[in-house]
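Put chain B on the given structure of chain A with help from the hints.
Residue numbers (numbering that gives the first Met the number 0), protein chains in the order written: chain A, 0 to 201; chain B, 0 to 507.
Calculated from the structure, these hints are not laboratory results. What you are looking at is a predicted structure, and each value in this text was computed from that prediction instead of being measured. For every residue, glycine included, the Cβ atom is placed at its ideal position computed from N, Cα and C. You may find that some hints are simply not true.
What the hints assert, rightly or not - Simulated crosslink set (DSS-like; lysine-lysine; CA at most 30 Å straight-line): (1) A:Lys72 / A:Lys108; (2) A:Lys13 / B:Lys166; (3) A:Lys43 / A:Lys147; (4) A:Lys13 / B:Lys1.
Claimed, not checked - Derived coverage of chain A by chain B (criterion: at least 3 residues anywhere in the stretch with Cβ under 8 Å from a Cβ of chain B; other residues may be distant): (5) 83 to 94; (6) 106 to 112.
As the list claims (entries may be wrong) - Covered stretches of chain A, as calculated for chain B (at least 3 residues, CB under 8 Å): (7) 34 to 47; (8) 60 to 72; (9) 148 to 162.
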Amino acid sequence: MHTGVEPPRGVWWKPAHGAEKVWVGLAFGWCLVLFAMMPLWHWKGGQNPSGIRHTVDPEAYRARTQEFIADYKIGEEENGIPIVKPPPGSDIYLLGQMWLWTPSLRLEKDVEYVLHLSSVDVNHGFSLYPVNINFMVVPGYDYGLRVKPTEAGDFRIICNEFCGVGHHMMVGRVVVEDGASADGGTDDGSEVRVAATREGER
Amino acid sequence: MKGGFRTCPTTSLKVHRQADNLIKANAVVATVSLLVGGVAAILVLLTRWQAIHLLDAVWFYRLLTVHGMSMLIFFILFFEMAVLYFAGPVLLNSRVPAPRLAWGMFWLMVIGAVMVEWEMWAGRADVLFTSYVPLKASPWFYLGVILFAVGALFVVAIFFASLVVAKREKTYEGSMPLVTFGAATAAIIAVITLSHGAAIYIPTFLWSLDLMYVDPEVYRVVWWGLGHSAQQINVAAMVSIWYLLGAFTVGAVVINEKISRSAFVLYVLFISMASAHHLLVDPGMGPAWKIVNTSYFMYMAVLASMIHGFTVPAGIEVGQRLRGFRKGMFEWLRKAPWGDPGFSSLIFSVIIFGVVGGITGVTFGTEQINIIAHNTLRIPGHFHATVVGGTALAFMGVTYYVIPLIFRKKVAFWPLAKIQPYLFAGGMLLFSVAMTFAGTFGVPRRHWDISFSQALFDVQFSPAVNLVIAVMAIGGILAALGGGIYILITVWSVFLGKPMEGEVVYVD
Chain A
0 MHTGVEPPRG VWWKPAHGAE KVWVGLAFGW CLVLFAMMPL WHWKGGQNPS GIRHTVDPEA
60 YRARTQEFIA DYKIGEEENG IPIVKPPPGS DIYLLGQMWL WTPSLRLEKD VEYVLHLSSV
120 DVNHGFSLYP VNINFMVVPG YDYGLRVKPT EAGDFRIICN EFCGVGHHMM VGRVVVEDGA
180 SADGGTDDGS EVRVAATREG ER
Chain B
0 MKGGFRTCPT TSLKVHRQAD NLIKANAVVA TVSLLVGGVA AILVLLTRWQ AIHLLDAVWF
60 YRLLTVHGMS MLIFFILFFE MAVLYFAGPV LLNSRVPAPR LAWGMFWLMV IGAVMVEWEM
120 WAGRADVLFT SYVPLKASPW FYLGVILFAV GALFVVAIFF ASLVVAKREK TYEGSMPLVT
180 FGAATAAIIA VITLSHGAAI YIPTFLWSLD LMYVDPEVYR VVWWGLGHSA QQINVAAMVS
240 IWYLLGAFTV GAVVINEKIS RSAFVLYVLF ISMASAHHLL VDPGMGPAWK IVNTSYFMYM
300 AVLASMIHGF TVPAGIEVGQ RLRGFRKGMF EWLRKAPWGD PGFSSLIFSV IIFGVVGGIT
360 GVTFGTEQIN IIAHNTLRIP GHFHATVVGG TALAFMGVTY YVIPLIFRKK VAFWPLAKIQ
420 PYLFAGGMLL FSVAMTFAGT FGVPRRHWDI SFSQALFDVQ FSPAVNLVIA VMAIGGILAA
480 LGGGIYILIT VWSVFLGKPM EGEVVYVD
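In isolation and in its complexed conformation, chain A is listed as follows (with noise of 0.2 Å):
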């Protein structure tokens, strides 16, 4: 027996003792479970980080955020920021700049939307309070994220990559609304869902 600071001699490529090989029997199966668990939730679980992904020249990004608004503003808020009601089902455009999140969403519960987030730039972080579902919103990248809201409620969209000294006065809002679909109840998951996507992706 040495210690680990003695130069071992001889052959010390020796057979394990049988706790140690127990130890890594057990080690090594856990991590197969857990190396099978990811692609399992990929494929089974309701809330992915995948999604459409497309790069974007940020100058076009603003441009297709304006013509969003435009098409679809109902209102200000009070501190001015434009209130977008888009239709059901459409694709929906955020667009984080220093230091805000604009427009402010109104949105449907238990519709599927397409959630487009880029920055004009520089990196941004966002994360949805308070169901706590963080994305990266990086400029030049359209992230596409297929959405569900389960919940009706006052959200706010919190940055939260650092993005300059104004980083934490960055907040946005996103209102869900109880709309028109009677069956609304039924769906009783207390989160926003990010429905997997396996088509359209690149």
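Leaving out everything else, chain B in the frame of chain A:
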């Protein structure tokens, strides 16, 4: 340059004069970096504790940048350079090859570090540790990082050269010790890491001079090849120190060289790809890339840590039993030297790294769980357990042996030294767990004001958040106190402490 060897009266190792001096120099600079990073840590902590909210926004983000760079880069890497000189030349009884180059590279690293610190404190690099493009710092900031990395890369090369020199000059018999082997894996990972660093910081430096374009997503991918792999240097170095401290404190044995060494090799093979888990909610990469890199590759590196988590305590038990503590199941544990700060640091480092850091880290590496954890306080909660409770604590523990063995000084304030690991580990445990809990409420990391008093819309966190943040602050203050005691002990011992008995004589 003066050479010569002394024989260590405790370990009988032959220690080269330049190895002694280089370890001392790197350890001193590491401690200075720890002090700078520690002061920033307290100020940042007292700002995030909303009840005090000490700094204004500009200085909060500035000192958060200082804290990250000083701790994760300068403190840890200077200390690791000392570890390489110890695990290579000292443990192998060898000389330091190319000592002039070694000193040149030490000073290059110091110049790089000073440049970076200068730019940060002057407010020309408020970009945080990750410095994500297109947030821009001054070119001097990036240049400083590049110089530092080049210096570190050369020191790693000198370490490899020392392995060759020792083998050729037959300064030891048999295979290299496990601790040296572990340090060699850390050095290999360092080459991977520093290459990523060059691949991203050189283009970013040119970008800061308006000479080229750097894509923000490409930056994130390559930068994390540096940012995460750097933590794997820490893991490999820390595990080597676990084996070292086990040997020094209780004569812990290596139960099976094959198992322990294979586990180190797993780190080299798999850990760098695991940096993909920082990009799980990024728009740049598809699910296949994310799943392969995080599930397949990361779990093989996790396996390595699980193996060490068994073999290190098992080696301690067998070592203790060989020393005569054979009664019952746990006499070896009860009669362990709990008053030796090297030993208590070792045990707490294994537990905090393995249990708190390991479990949180593996869960965040899952694509779907990452959605609810990304960029919340759960993330710093995790890495304060791994890097601070694990790596930094192991480094502190080994310092109590570096002071007498290398500096040839008695450890000052011994009663304080005995309790220092308990204070630091307890504080860090409280801090990490509370921070992780706060993150589960959706509290963002890197955020000056979670009361959102200046925000466009109001945000009301659950009142429980205030309580959890207060617990985090108390834990942080205890840990900072432990860190302060560590700095006091090391500085006092080295510069004002009593020398060990016996004259230090270097013989050619």
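Cross-check of the supplied hints:
Between Lys72 of chain A and Lys108 of chain A the CA atoms are separated by roughly 19 Å; this keeps the pair inside 30 Å, and the hint holds. The straight-line distance between the Cα atoms of Lys13 of chain A and Lys166 of chain B is roughly 23 Å, inside the 30 Å bound, and the hint therefore holds. At roughly 17 Å between alpha-carbon atoms, Lys43 of chain A and Lys147 of chain A fall within 30 Å of each other, so this suggested pair holds. For the proposed pair Lys13 of chain A and Lys1 of chain B, the alpha carbon gap of about 43 Å is over 30 Å, so the pair is violated.
Restraint check on the stretch 83 to 94 of chain A versus chain B: 0 residues with Cβ-Cβ distances below 8 Å, three needed, restraint violated. Closer than 8 Å: that is the beta-carbon criterion, and the stretch 106 to 112 of chain A has 0 residues meeting it against chain B, so the requirement of 3 is violated. Interface restraint, the stretch 34 to 47 of chain A with chain B: holds (9 residues with C-beta to C-beta distance below 8 Å; minimum three). Closer than 8 Å: that is the beta-carbon criterion, and the stretch 60 to 72 of chain A has 0 residues meeting it against chain B, so the requirement of 3 is violated.
Coverage of the stretch 148 to 162 of chain A by chain B holds [criterion: at least 3 residues with CB-CB distance below 8 Å; count 7].
Violated hints, in rising order: 4, 5, 6 and 8; the structure is consistent with all others.
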